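This is what each chain is made of:
There are 2 protein chains.
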Amino acid sequence: MTKNTIFRSLIAGAFLCFSGWAVGQPGGFGRSPQINPDKTVTFRINAPNAQDVKLSVQSEKGPVQMVKGERGSWSVTVGPVKPDIYPYSFIVDGIQVMDAGNMYYFPNERFKGSLLDVRGDSSLIHSIRDVPHGTVTYEYYPSAEGTTGTVLVYTPPGYNKNPGVKYPVFYLVSGTTDTEETWFKVGKANLILDNLIAEGKAKPMIIVMPYGNIEARIAEQKGGLKPADPADRESAEAIARSKTFERDLVDNLIPYIEKNYRVIANSENRAIGGFSRGGGQTLRTGFGNMDKFAWICCYSAYLSTTELERDFKKVVGNPKETNQKLKLLWVSVGTEDRLYNPTTEFINYLKAKDINYKSLITSGGHTWMNTKAYLANTAPLLFK
Amino acid sequence: MTKNTIFRSLIAGAFLCFSGWAVGQPGGFGRSPQINPDKTVTFRINAPNAQDVKLSVQSEKGPVQMVKGERGSWSVTVGPVKPDIYPYSFIVDGIQVMDAGNMYYFPNERFKGSLLDVRGDSSLIHSIRDVPHGTVTYEYYPSAEGTTGTVLVYTPPGYNKNPGVKYPVFYLVSGTTDTEETWFKVGKANLILDNLIAEGKAKPMIIVMPYGNIEARIAEQKGGLKPADPADRESAEAIARSKTFERDLVDNLIPYIEKNYRVIANSENRAIGGFSRGGGQTLRTGFGNMDKFAWICCYSAYLSTTELERDFKKVVGNPKETNQKLKLLWVSVGTEDRLYNPTTEFINYLKAKDINYKSLITSGGHTWMNTKAYLANTAPLLFK
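Line by line, the protein sequences are chains A and B. According to our numbering, the first sequence is numbered sequentially starting from 1. According to our numbering, the second sequence is numbered sequentially starting from 385.
Do not take every clue at face value.
[To be verified] Cross-link-like lysine-lysine pairs, in silico, DSSO-like; alpha carbons within 27 Å at most:
{"id": "1", "chain 1": "B", "residue 1": "709", "chain 2": "B", "residue 2": "676"}
{"id": "2", "chain 1": "B", "residue 1": "610", "chain 2": "A", "residue 2": "39"}
{"id": "3", "chain 1": "A", "residue 1": "203", "chain 2": "A", "residue 2": "166"}
{"id": "4", "chain 1": "B", "residue 1": "709", "chain 2": "A", "residue 2": "166"}
{"id": "5", "chain 1": "A", "residue 1": "161", "chain 2": "B", "residue 2": "610"}
[To be verified] Here are a few chain B residues that face chain A, going by a calculated C-beta distance under 10 Å:
{"id": "6", "residue": "479"}
{"id": "7", "residue": "484"}
{"id": "8", "residue": "513"}
{"id": "9", "residue": "544"}
{"id": "10", "residue": "620"}
Don't read these hints as lab results, they were simulated from the structure. None of these values were measured; they are calculated from a predicted model. Backbone N, C-alpha and C define an ideal beta-carbon position, used for all residues, glycine too.
Extracted from the complex, chain A is given alone in its bound form:
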């Protein structure tokens, strides 16, 4: 960038964006993120008044110190980075800041992250390829306590061209603080399915991506205070809130989808899956509604032995019936995931109880990089 261009783009930024009064545009002093030919990545932020700036990117094990350059621009180069999509943000004197140069964001109730997309030398399973694309539709549906629910619905390529065809449905739930957009914007569920379908690996299916925090929606729409998330995922509060989600899904969302989309409405053609809190909601909703879901995919989550013995005795106590009903019970976790140990205990419990399951243990942590891979591994198994 020439000085003149920089000046013009700063002026344009201040002038065009927030009507009338200037806001510093940290992206003005150079590209960020800049993916270099060797797959190292350079991040930049203009923060002339800051005492300390760190980069927090999920390709690295922890925060990375950034270095102040001339004119108050901080930068750092990390990597080479394995091709994938990584959430990141800057930590400016302790405050989480998105990358002003990047328009791709992590939809979340709380943290504000940008997305680093490092492409591979060959296309990845979540890349946009030159294949037929499905669409993702924002829907409103009548949800709990008279509120209006929001949900995203992926329909596979050709859905609108094949009015006689009905499809199976995969309900796919995001994690704590995520929104109904996270499986779309971060998880790339639509592109992963587009690619798997084009390769003939997955059956064309509808994917329904709900918002997992029903209490927050009710509070927002009725004017109450949004409740904090339960700190302990095994707590009574966490279980009660999972139940609210389950009731909304079963009583409100599934009927809405089945009324408005061409779906095959039986358990053999209905799957549920989820990441983190969504994985817990998946197990509870699946085990609690064995007549409704024959496919259960749990990504980076578990249920405790205590809860299984107490609330799902019918499922875990009758392996023959359970194995007959469930076409797939999938459990995935990374060895660096903070939930690795309880998830392993969960898997061992299933094994001890003679409940059929498939598991995939990978490297990596409690991340959307991993959960994307789990989706790519499980979608080909569904509805077959």
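Knowing the structure of chain A, use the given hints to seat chain B on it.
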């Protein structure tokens, strides 16, 4: 919030969000934004290390100083605020920061804003009402230079229930640095139309919301450097880039929409409208393709007399033919808009040339609050 709840929610935030390493969650110390019963609004951010924190909210004329309280939490109360949706952010030592307590964001290439939604005592035209809802669909389409384009498509309530019905189409373009999502997330085009259709005020129509910055998409997908936006909207560069947009719309997007949606494919059933840069693109594309668009809606934008005389002589020099072709030429602007003067000149020029137009001059500036109102005023006129 009790101390214990705060502690738990901070722990949960650090624990659940960015895998493994803690990030301060500025929203942890209290609700933000908090809309009080008298429609004043309290904003809060936890920034213990900051020297200076301001609030930048479009309900106010300029940045508002925030005050540091105990434990490093800054807050300020503004208003009473007129019910509407206002973009806002915090300015922490000169850096733009979103509100961590708020999940509603302003989709933009550059600035990172949150959205303040102050509801009215009675429902506003952009509110979610208990009426039939249309849907908004993310589509991929084959765009310029072999790239994959992204576009949002609103279909009105009942679209999927009425397979024999064809609809008119309104192409609706956002402003500089906005994305294809901005008319949806900030402009609430879908809810405004849902409500107008339910009241019998607007005809059911499809709304197509493209991304306006085609050069940036090409650069991104082909690995080039995204070009800075032209500083001057009358410059040769601005006009050339508007032409790229026009060609993509006419050659790629319209054919895609007409192939994939049930539309009435003629000029009487095709409208184009836009805000700011999108308004300029609207005028250039509309005047340049009079056989394609009989409805042109320009919100907070204009063309210069020089450009009109040079590039659109056929349109402005033949008022009789132009007036016959155009069912509506609409121009709106606010008296505090920085483009008020050139827009007024544009209107006066149309008048002097005997070109039929309708105009609505309002108070307010170059804002999404105004452009939402312009959409609500023009949509009822279309296709009638």
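Notebook entry, point to check: Any of the earlier hints contradicted here, and which numbers?
Noted result: 4, 5 and 10
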